[in-house]
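Go ahead and model the full structure; you've got the sequences and the hints to work with.
These are the residues of each chain, in order.
There are 2 protein chains.
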Amino acid sequence: MNVEISQSESEANPAGCGPIRPESEAIGSSLRHRVFDSVRSAGQISRIDLAKQLRVSPASITALVGELLDLGLLRESSDTTRMSTRGRPPVALSVQPDAGYVVGIKLARAQHTALLVDAAGRPLAQASLACAQRRRSLAQTLEETGQVLDALLKEAGLARADIACIGLGMPGMIDHATGQMVWSPLLTERDRPLRQLAEDAFGVPVAVDNDANLVTLAELWFGKGRAMADFAVVTIEQGVGMGLVINHRLYRGAGSLGMELGHTKVQMDGALCQCGQRGCLEAYIADYALVREASTALDPSHVDVAAPDVMLQQLYEQAKAGNEAARVIFRRAGRFLALGLANVVNLFDPPLIILSGERMQYDYLYADDVLREMHALALNRDAAPQKVETHAWGDLMWAHGAAALALSEIADAMAEGRG
Amino acid sequence: MNVEISQSESEANPAGCGPIRPESEAIGSSLRHRVFDSVRSAGQISRIDLAKQLRVSPASITALVGELLDLGLLRESSDTTRMSTRGRPPVALSVQPDAGYVVGIKLARAQHTALLVDAAGRPLAQASLACAQRRRSLAQTLEETGQVLDALLKEAGLARADIACIGLGMPGMIDHATGQMVWSPLLTERDRPLRQLAEDAFGVPVAVDNDANLVTLAELWFGKGRAMADFAVVTIEQGVGMGLVINHRLYRGAGSLGMELGHTKVQMDGALCQCGQRGCLEAYIADYALVREASTALDPSHVDVAAPDVMLQQLYEQAKAGNEAARVIFRRAGRFLALGLANVVNLFDPPLIILSGERMQYDYLYADDVLREMHALALNRDAAPQKVETHAWGDLMWAHGAAALALSEIADAMAEGRG
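Line by line, the protein sequences give chains Z and G. For the first sequence, the working numbering assigns the number 1 to the initial residue and increments by one for each residue that follows. For the second sequence, the working numbering assigns the number 1 to the initial residue and increments by one for each residue that follows.
Just so you know, the hints here were simulated from the structure itself, not pulled from any lab data. Hints should not be assumed to be uniformly reliable.
Which bits of chain Z does chain G cover? Going by a derived footprint, with three or more residues having C-beta under 8 Å, they are [unchecked claim]:
no., segment
1, 60-66
2, 111-121
3, 125-137
4, 249-256
5, 264-272
Residues of chain G clear of chain Z, computed beta-carbon distances all greater than 12 Å [as the list claims (entries may be wrong)]:
no., residue
6, A125
7, L129
8, S256
9, Y316
10, A321
11, H391
Simulated coverage check for chain G against chain Z, where a stretch passes if three residues somewhere in it have a Cβ under 8 Å from a Cβ of chain Z [stated by the list, open to error]:
no., segment
12, 61-75
13, 339-353
Using N, Cα and C, we set each Cβ at its ideal position, and we do this for glycine too.
Structure representation (structure tokens):
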């Protein structure tokens, strides 16, 4: 199978002119998606249960499932979850696992991580590459991406031609629909056709996305999201990201550049953000926001803003040891996190918020008083406090999400009849 | 037809215990919805075009349309938009207009407005009731609602029994799914079962919603939304509200208490909001936020905070006449509006934002520099400025939206098989 994902744009944009903005990146843009997603999240389900769940007639489900079977997206198997009393096990539907290998790659400041999975999402091999912690050109970044990809393929004994799709994620504004990298804290350039350049470099179909969406896809395909229709993910790393799942699908905004929670403004003319604007939420929470105040709390001769991970660790240890300035720095970050989470509650009313990212190891950010403040700032204070969980997954989980991105890209392409 | 909408909860919440929180209020929770919405937004469409639009096979569409025809939600008619060359006009689908009368009622501070429409949404009669501009009990409010309802029915020569459903909207946190009024600036009480009490009072099925959602439904059913899959509405009246349409459906958040843009925090420990919290967006934009600073700009002996409409008009005239303090009040409101709109762009990336509500008559709020600031605060500044339109509809448009709420409630109940 070799899905030409790059061809999908001409379908999504029949007019064929101007920047590609599909009418709706939204949930259930195809009825087939809806049926496929229900089977995927159930794992294994019968036609009759599917009809009940989607509240349509058996005749309608039979027709829709028939399309997905013909496309090779679903397969029939014996339903092992329920044995018929008559002896013959009923037929169940599940996702077709023989759709090839995909690779998920998470690009980050200090390290790139790659994961090879089969079509059912099972990890087969992994690789990572340490790199210089500074902004660099897109060309160099793609060079590094190629290195980690080849290391992964060597490990697995595969060639690039064996890969059906690469899911590639990085922090910043990455437009999934058009494949454009609008802005990223990793890169020196702005506005480059990331997907196209990556496909040219690797000769494999590529899907790109914001890294917060990778974590969300990982939760949706392999984590909490298998059982939950709606949830939000907030990530805290080099920046603050957000992912939103509505009715079992990732929602990226009407175009696909939404959910930029980290850049919503929480203070008029406030703190300077790495995006160049003032008052963004992440300018009060992300690691660089904490590190730039470190010189006030730490011995200035030991402050090295070029080594944020080291600085943040020092700051954290100082706070733990009772350094008041260090405590105040974390305290304000915690209050702004509470404010940001309350805004998520006021806007999306999600039954669950998952906090993720390596910064969640700092328990100042995820403390009981942060959750109390979040609840106090939510409009509907009479309701029970929102459920908040911390999943401080490492880079491998993000790479797994990138693999889910590649898998969903293949499924979407096939469901849309572009496969 | 007499749809028992109040029975729907037991279906949405099969467990039948605890506060009713359907798994998903989201878009396309039923495939039938998706098909019905496509026909409604198209007005008239053939099966083959519907299959193309929804990217499914003709067999699947035939099955799904068959269900909607059986339910009496759609009807077949001659397709007047395209004549067959063979002489016989092809068959088109459209929404069944013979589904009874519905009433939309908008409750507001100074006046309640009611509108009677047929099932196709065509206005047949209207009525309004002026009332005291102060918070009052829910009992008194329902009394007033009954008065305006009866005035409307008298005008139309109908009885309450002729009404299939009443759509009732008011400002505040109104939980459409559960029918609960959590909080409203109109009322002295909190947390009352609004829908149940209204149904008991009027003997007619009632659907309730936040008033910003009414405007959004009005745009969706009768305005811009017939042609657009995704858009956002921001309303500025006694408070600041928001409505979001995703893929032709109103999105209310995962529960149905989301989209509270007016109560997202834009300043830590900021200005006092009518909800009792600090730093809410509406505490910088809504009429009460402007009026409470009026005593600084106007002759204090003329200031009457109990007459906000009068005060706001005076303030506006003073600003126009060059009163610097009055200008500064509007200027800050405009800057915060820009900030709030930029947050909407950063989160939802909508192709269109519609500004609505009576305060939009103050051109300080909708000035070119507000839009410039909004664009400057949007993360994706390289993109073309977001499209923003002002629709300063009056109360009748909101009541029309309330009627759309009642119509969509009937359609949803029937599509879910509860009709």
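Next on the checklist: Please list, smallest to largest, the hint numbers that this structure does not respect.
Outcome noted: Result: hints 2, 3 and 8 break, sorted rising.
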